[in-house]
Amino acid sequence: MTEHAATFPVLSCMLLAPLTGLVILLLLKENQKFLIRAVSLIAAGVSLGLALYTFANYDKALGGLQFVEKYEMVKTFGITYFVGVEGLNAPMLLLTGIVIFTGVLTMWELEVRTKEFFIWILALVTGVFGVFMSYDLFMFFLFYEIAVVPMYILILVWGSTRKEYAAMKLTLYLMAGSGLIIPGVLLLYASSGLGTFNMVALHGAHFSPWVQKVAFVLLFFGFGVLAAVWPFHTWSPVGHVAAPTAVSMLHAGVLMKLGSFAILRVAMFLCPEGFQYWAHLMALLATIGIVYGVFVGLAQTDLKYVIGYSSVSHMGIVCLGLSTGTIDGINGSVFQMFAHGIMTALFFSSVGYIYDRTHTRDIHELGGFSKIMPIASAFFITAALCGAGVPGMASFWAELLVFIATVKVYPVNGLLAIAALVVGALFALRVVQSTFFNTPNPKFTHFEDVSPFLGLPRMILIATLVFFGFFPQTMVGMIKSAVVPFLQGM
Amino acid sequence: MGSCDPVLLACLATVLLPLLAFALIMIFTWRRPNLSLAISLTASTIPVIIAWTLFFKLDVSKPIIYNFDWLVSETVKVPFGFLLDPTSMVMLVIVATISWLVQIYSIGYMSGDPGFGRFYADLSLFALAMLTLVISSGLLQLYIAWELVGLASYLLIGFWYEKFSASEAGKKAFVVTRFGDIGFFMGLVFLTLFYGSLDIASVNSAAVAKSMPPWLITTSALLIFCGIMGKSAQFPIHVWLPDAMEGPTPVSALLHSATMVAAGVFLLTRIFPFFAASATAMTVVLCISTITLILSSTVGMVATDIKQVWAYSTVSQLGFMAMGLAASGLAAGTLFPGYYHLTTHAAFKALLFLCSGVFIHHFGTNDFFTMATNGGRKLYIPMVTITIASLALAGIFPFSGFFSKEAILGALAQLDNKMWLILGLFGAFLTAYYSFRVIFVMLFPKPGAYGKVPGHVEEEAHSHGGHGHDEGHGVPWVMSFPLLVLAFFTCILGFCQEYLQKFLLGEAHPHHIEYTLLFSAVGCALGGIALAWYDWGRKDAKCVGFISKFPALQNFFIQKWYMDHFWRWFLNTFIYGTFSRIFTYNDRRVVDGGVDAVAFSTIGSGRLLSFLQTAFVQLNMLFMVLVLAGVGLYLLMGR
Amino acid sequence: MLVFNQLETYLYLALVLFAIGLYGVLVRRSLIAVLISVELILNAASLNFMAFNRFLAPTPAVGQIITLFIMAVAAAEAAIALSIIVAVYRKLKSINIEHATELRG
Amino acid sequence: MNVMLFGPELYYLGAALVFFILTLKRQPQVKTDYQIAILLAGGGLVVTAFCLFQHGELFYKAYRVDLFSQIFKFALALAFFLVLTISHNLAHIEERYHAEFFLFLTTTTIGMMLLVSSVELLTIYVSLELSSYSLYILVPLRRGDGIDVESGIKYLLIGAVSSGVMLFGLSYLFGATHTTYLSEILPQLPKLLASPIGLLGLLLALAGFFFKLSVFPFHFWAPDVYQGAANQVTAFIATASKAAAVALLLRLVALGVGYGYHFAQALVFLSIVSMTLGNLVAIVQKDFKRLLAYSSIAHAGYFLMGILTMKEAGYVAAVYYALAYLVMNFTVFMVISEVAKDGRDLKIQELAGLYRRSPLLSLSLIVGLFALAGVPPSIGFTGKLLLMTSAMNSGYFWLVLIGAVNGTISLYYYLRVIYCSYFTDDPNLPPVTISTPIRCLNYALIAIVLGFGVFPDRIVELAKAAVKTVL
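Residue numbers (the numbering used here), protein chains in the order written: chain A, 1 to 490; chain B, 1001 to 1639; chain C, 2001 to 2105; chain D, 3001 to 3471.
Since the hints were made in silico from the structure, they are not lab data.
This structure is a prediction, so every number in the text was calculated from the model and none was measured.
Misleading hints may appear alongside valid ones.
[Unchecked claim] Below, in silico cross-link-like pairs of lysine to aspartate or glutamate (DMTMM-like), each with a Cα-Cα straight-line distance of 25 Å or less:
1. 2091/C <-> 3287/D
2. 2091/C <-> 3095/D
3. 3468/D <-> 72/A
4. 371/A <-> 1498/B
[As the list claims (entries may be wrong)] Derived Cβ-Cβ restraints for the label pairs, each shown as a range:
5. 3145/D <-> 357/A: 51 to 59 Å
6. 1600/B <-> 3454/D: 31 to 39 Å
7. 2075/C <-> 3145/D: 26 to 34 Å
8. 2104/C <-> 3342/D: 23 to 31 Å
Even for Gly, the Cβ is constructed at its ideal location relative to N, Cα and C.
Just need the whole structure built from these sequences, with the hints factored in.
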């Protein structure tokens, strides 16, 4: 693909903003809470701004990689610092920016070990940005792990239910995933014979079908663990339940997207033949995930478990779209990555607000929250409806695209997935009903509603959802500008 | 593009004003009743004006179409646009007017309700969705509006969410209609993939038949009809509509009788040529709608809750419309009869509900026996209007219902198989019976005589909301005004037949009256009324209904043909009982268990291997030597 | 006497020595005995060196020098080993390996 | 001869002499001794750095001075210095032995320095023994309840036997090739590997080197010694002697040409078993140093992964990782010896609440452990990935796969340690106070571990140049 160098290093700044914030935080004292929050908010804000800038200023007509920066890192092994923006990762960068910004706002009231918390959050975010923007396999993987590991500490210190178990499980599971990714990546590196990790260059190399098949399956499952591809999803509900609010937001909102994005960016991009070979498996697992997720979610009573399983289902949709390998499908699934990211962030921030007050997430114990805290429940209900695929929200379009593409390629899977929507609606409404409707639980009636300040991040999220629900073309056009050449490349 | 075009601006205003109102109220003014009311009313009044102006001023004999790109992917191209043709114009007027009337009515009905602002926000949301649905140019846009209408219905049914039954009903409505919509969606997917365009105009064109094989057309048509079944509460997924009466009565009047549920039938008329292209599909429609008609009329006969009666009557009338359309589809007729009935029905059914709303509001009960015994007839305006409406519903000359029903029966009569006609007449008979059952009970109450009526419990009605006023003037004008307007329409619509026909079809068929049909129809209606009189009206009526002669049957009807039981059983057995439980178990035990097993076995193997490090240094050295020897041997062999 | 005048003899001898040494190391329980067996191994090695040197090496000196070095190193080793053994005896009141079995797993 | 060539060794010989004199004093002044020691170590660092780019041959070509050896000498000097910096309280070594501790530490350093330069069998043997024997003495030097001497005697026995075995092997090599110069022996490898004697010799000779690197099956000493020896001594063994062993092996392998398929397979086998065994057993350890011992066994496996590629890239990666390992492993040991001020063995539980007792130490602990586990952005991650890259380049797919999976396993026990230090707390454990120099040391180490992890180019290029000199 064509590359257009950046006039000034936007992406590096985007990457350095959280890093700088982190360094500043290291120098601050634990008791300077406001300063700590402010610094991290500014850091997040700067990166969000830059993400918006890239999203707005990306020239769709020009296409290709833009804002490119390249520096040699290790000549001997052909490692370069190679970042750029195209239609595929611009939405992801925007997503990350929005989620981290709102996440920091959401955790504004955190009092326990504030400094460390924001340090780790910023570290994580740096990793995420790095993954989305880097086009060098080595750096890609490096950032990938940076993004994954802080979860352990974040969950362990600030988490809630069964956190030791969850944190260890999550980290090891994802690391096992990298255990598959490393050989896959290195196999590609070695068999290309180019001695470079530069993805664009590797894309030019002609891998033998065997290599492609092996590498693809390794990469697919390796990254699939993070994308909660069935049956490698069980870490995700447990992890969500244990994680603190902002971490859940980042994790479900952004980290799981890392997995699916990597499947697209690395696995499918570098081994098309492998993809052709395994596509049916992908579609199958994705479909199982979709159906399975909603049905298991139907039986959960812990709010976060419910959301966790809905994420499994929605990520299944993403994966399904990818597996079609058509323009519509990939448009849809990237869009879905974005939409679902925002949506789950909204979910978790609302749940987090309620949980922080009531210290329970059992939907039978809760109830009537529309009366107690109408705004907070409005937020949650919006998210739930978005999850149920109600039009006017971004995710509706994403699902529409994916389903149409899927029915075209895999009719059975497609129809099954569509049918699962009913159950999806059922379990979304079931949660809404038993949490927010009916008569309030007297224990909780004294809690006050979301303050405007804390409402702000949720409003931002809803606004994003609705905006892209009404103007899907802004997103789809962006994605399409990259998908078309992408598929020609395959 | 032509943003200077006044018609386009009008359309945009019609759609966007309610949206604006919804947003404003939801974000800012939902705590302020009056402000919200003002906003919402403005946003609903302007569309009414627009609608009527367009209806009279605009010449839509050849459709006016606006299309803008909304989403352009590869095969998926979704335009956002408006299609103004006779069909949509009429519906536009209906929707705009009734929702406007209902909003006025609700000022009185909902006064003092804590959720007043929210109520009007939801009404605006509904208006937005419904208007978009009516004038949308593409099926996908229509589907989106369709879903939003469902959403609004969900919010409004569950408006009093503290009531478990209400929130439950809302959920039920959403999920059941969604169940149908899935079919609709699949149908659209098929059309997209195999036909390529979802533009209503082109779907109705003959090109479809050329580019799609018949079986595919039938499949798509039936799939889309699933959506219609859901929305228009056709058997077997009609079960949500009666429960939907949990919502405030204005809502029932607007959504669940006049407009939203009619959207299904509207869709049927919208792509009537497409449906007509497949005889199979039309036959299926005919069967289902007939079953619906009979089922709901029979249930309506035994209901004691006034809203339930009208709810089931709505279901039956929707079935009746569908019958009409299907019949004319099969007999190469026009969409006029069904559509005409839709129009008239919108008026008189809304009227029925609003009247009942007055009673309910006044007596604080839904049981019309109680209302009657508490002197419901003394509320003159509603009493008169409800009687008019019932006459229309029963199909008595000169009220609108008479003409539209007669038209539908005419369409049925054109079928070779007269069985349909007979069933239709039977339905008309039952309709007349149950509607006048209500009316006679209300008019000639017999206190203490209703003890034997199944489902009715003698209760002392508590005057609702502490209105200190005595009967007669107990109705605030904001509530009585809409009644009068609607009553007016109910009376005159019948004589607009030619005009409407001309408007819809371009040319008016000479209205030749088949007297046999006419008399049989009127006969059925009168027979029903007479029976009602015999059972409920006359001085020494037994007040149990003829149906009590057949207790089994009566019970069957009271249990609503056990449809609710069936669905509940289905849900519990399959969804929750089987899939959900199995998958959950599998998730916890098999999938997750497997993961944990791997982890623990790793640790176990570590513990096992740690015994290799014995405390006896010599054992270790022995091991060392042996391994060394092994490697040496391997190398020697490999040499 | 040809037997003494050919390489193999010495190699086999060394091998035997080595084997004995290894055996001793593995089975004797007394630290001193183990130490002696280690010395045997070293001697086997030096014998090898001498033999190879005598029969094959281009320069006659190499093997002998190595052997000398080995002697020195062995002496040092013995010294250290003995000193540690003394320490062991001080702490464990025994020089039997079976008593030094604290560390395991 | 040019003195500069032999500069470092001479310097440390002098240092050893000084320490020897210090040992002769009647009553020791611990403080001054320590100051002298640290000064000398620092000087040594300077000297080695100064001689970094010397190259030439000494002692009838028995001793090669090239960038390769000099880099490792510098690494050794660094290790020596670092270990001395954390030796300010040798709580578990009686005060009158402190001077001797310094002395033997110096001598073993000298031994290793000689080792990395020597290219002749006898030289290798002697320098190996010099380094080993000093360690044999250092290990039981600890004041303890018996496990010290036990570990000492075990170390000695296993060491003696394997060196004996090695010597026996060397004798065969000598016999098969009639020379003691590596430069002449290794070119004849094909012939050697063909003849049973040569093969046996080579194998037995490798035994000695594997013993130093604690590769399976020569790893048995490691856990006991790590646990039994004083923390500082363990630190030295864990850092310096590893580096030396890697250097030696690299020389052997790099000089050789045409090790056959089977030989490589044998190494693959040893590598896989070492890393798997090490990681699995480490999971169930309670004593922190013992755990690290097993992790070192696993790392020996990783080192082999680079060595057995028999390609330049692999050697470069191995050198890089050796240096990386030195730093990150030392980071962890520093934390140990700082937390266990009284020199006791550190149970993992005793790290409880470290984040409260000393945030800085807990941070360095996390950084060090994550580096060992190969988590970015750390020197360990980069090194490990480079190793695997080279292995994959030589087509060892399964080796890489297993290595990667092993990385996951290892993460588990590292995380357990982090868990204890970060998330469990024990109120009656006192805060850990650390002196300013140590504080600076912490910052420096963290900076190095992270910095060179993200920007490894300098080191890699250096390692490449070094490797070129031995090829």
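Going down the list of hints, with the structure as the test:
The straight-line distance between the Cα atoms of residue 2091/C and residue 3287/D is roughly 22 Å, inside the 25 Å bound, and the hint therefore holds. Proximity of residue 2091/C to residue 3095/D is assessed by CA-CA distance (about 19 Å); at most 25 Å being required, the pair is judged to hold. Note on residue 3468/D and residue 72/A: the hinted pairing holds, with a Cα-Cα distance of about 22 Å set against a maximum of 25 Å. Under the criterion of a C-alpha separation no larger than 25 Å, the hint pairing residue 371/A with residue 1498/B is inconsistent with the structure, at around 52 Å.
The hinted window of 51 to 59 Å between residue 3145/D and residue 357/A holds, with their beta carbons roughly 55 Å apart. For the pair residue 1600/B and residue 3454/D, the supplied restraint of 31 to 39 Å holds, since their beta-carbon distance comes to about 36 Å. The beta-carbon spacing between residue 2075/C and residue 3145/D, approximately 31 Å, falls within the hinted interval of 26 to 34 Å. At roughly 24 Å, the beta-carbon separation of residue 2104/C and residue 3342/D lies within the given 23 to 31 Å, and the hint holds.
Hint 4 from the earlier list is the only one contradicted by this structure; the remaining hints agree with it.
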